[in-house]
Amino acid sequence: MILLDRVSKTYNRRGSALERVSLHIEPKEFVIIVGQSGAGKTTLFRLLTREEKPTSGKIVVGGIDYDKLKDKDIPMLRRKIGVVFQDFKLLPAKTVYENVAFALEIAGLSNAEIKHTIPKVLDLVGLKGKENNYPLELSGGERQRVAIARAVVRQPKILIADEPTGNLDPKHAWDVIKVLEKVNKFGTTVLLTTHNQEIVNALRRRVVTIKDGKIVSDRAVGQYKNA
Amino acid sequence: MKEHRFITFERIIKNGVVNFGRNIWLALAAIAMMSITLTILLFGVVANATFSHTVNDLTSHIDVSVYLKDNVSASQRQQLVQQLNATGNVKNIVYQDKATVLKLYEQANAGNTDLLTAISETSNPLPAKLIISPIDPNNLETIKTVLDKPANANLQSDPTSYSGDRKAAIDKITSATHFFEEAGIVGIAIFVLISMLIIFNTIRMAIFNRRDELVIMRLLGASSRFIRGPFVVETMLYGAVAAAISLIICAALFAIASQTLQASSLGLLDISYSGHFFRAHLWLILSGQIMAGIIIGAASSAFATRRYLRQH
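Protein chains in written order, with my numbering: chain A, 18 to 244; chain B, 6 to 317.
You may find that some hints are simply not true.
Covered by chain B, per the in silico footprint, the following chain A stretches (three or more residues, Cβ under 8 Å) [what the hints assert, rightly or not]:
# : segment
1 : 102–113
2 : 116–125
Quick list of the computed label-pair ranges, beta carbon to beta carbon [claimed, not checked]:
# : chain 1 : residue 1 : chain 2 : residue 2 : range
3 : A       : Asn149    : B       : Asp275    : 53 to 61 Å
4 : B       : Ser292    : A       : Asn149    : 37 to 45 Å
5 : A       : Ser25     : B       : Lys19     : 41 to 49 Å
Rather than coming from a laboratory, the hints here were simulated on the basis of the structure. C-beta atoms are modelled at their ideal positions from N, C-alpha and C, and glycine is treated no differently.
For reference, chain A alone in the conformation it holds in the complex (with noise of 0.2 Å):
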């Protein structure tokens, strides 16, 4: 589902921020990523979502191969990828409603589409009742709840979370993990990138230990300990 081959990128000014990172993730996996502030997670993201291109090596996802990906394809792979971002990245002039509708209005769906789906979403998230608050009426972990049924919404087969709980107090946190495990229950594969050790210890799934850019270790059941 997620591959990628010796996959190094350099910045001119900051130096090496991934160095030769391979990892193949199998379809509805969990797997969570973990590492210190700097290790290079965020930018493994950014690969992800085509933010930036790697300097070396290769990346496919869900198929699509990133070198032969044109500028004009970039949107169409985000719109397969439901992703989720540490600062949430809600339209702050939009609705809870607006702002999940939003992810199935570029795609193209009809109004009645997103009528039928969205209420299904928002119970999923646990949100019923919140369409019509905007961003800032909410709390971080509705808002975070929010950003999730935004990038489930289109039923991606692929879901990537960027630190999501880093900004939320424990108890939001673990609603939103229990979203996304719910989630991946229903067959999504999950990436999620983290340095919350009470939550990578919880769930006992795959982890990767990333550190100065490179993967340190790649356990089936990991465990973390903050350094």
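We have chain A already, so just place chain B on it with the hints.
Structure of chain B alone, referenced to chain A:
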């Protein structure tokens, strides 16, 4: 595919209109700026039209009188008229025979009994004349060249009115009006350019404030058209509203202030014409303003959003 395009188009329009309402404070700030700029521009256009009207009015009174000897026959006069018409710079020629000239002279000097008595004591001393109205007062030389031909000069009892001090005065007036007309056109062009820059910058600032939205939409996989479209629709609305506001401001200004302005222009300018021009061209001005507002708004937002779309 066609249906998908229609849905996208419908959503672009809808989102643009909704965004306009939801970002009302930002919209009001941009509209205020655009209204002021368009008002200044419209004021400049009307002022230029008023000035041109005054100049045209002034130059339309410039004519050339040719005084004919008493022995000039009708066919000789006709030949001269034909030659003058052939110059292409003659609007019309009026012939006044001796009796008519005398009658008009008497009417003009009705209060001066001494002069009228002196005139009546001799046979009519005033020559018949041709009054030539030129099309282009800046180009009276073409007429003068015909009149100065020896054969034509022999028909004239006195030098034409376009000679000596009068010629110098006419030449000065025409060259001055010519200069002011050109200056008016240059002035309007500069106004247009500055207006466009101000409006572009206003919209650029409004979009800069919302650049995060553009980036988020991009990361979610929205196409450039889908992201840019609502911004373009929104700024087109800014332009249309600003155009309507500027029109109302100008209408009010001309209605209220034209009398005061007329007095302060010392009668040099026909200020009342500005109101007349405004009313006569109201629909043209309204559609022109709205079109200008919409086009500048759309072009500015399309250009301003490009930067953020390209980076992501």
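Item checked: C-beta pair asparagine 149 (chain A), aspartate 275 (chain B): status relative to the range 53 to 61 Å that was hinted -> Hint holds: Cβ distance 59 Å, inside 53 to 61 Å.
Checklist line | Coverage of the segment 116–125 of chain A by chain B, judged on three or more residues with CB within 8 Å | finding: holds (count 6)
Item checked: serine 292 (chain B) versus asparagine 149 (chain A) beta-carbon gap, inside 37 to 45 Å or not -> Because 39 Å falls inside the window, the suggested range holds.
Item checked: Cβ separation of serine 25 (chain A) and lysine 19 (chain B), checked against the hinted range 41 to 49 Å -> 45 Å, holds
Next item on the list: Confirm or reject the coverage of the segment 102–113 of chain A by chain B under the rule of 3 or more residues with a beta carbon closer than 8 Å to the chain's beta carbons.
Entry: holds (count 6)
Violation of the numbered hints given earlier is absent; every hint is satisfied by the structure.
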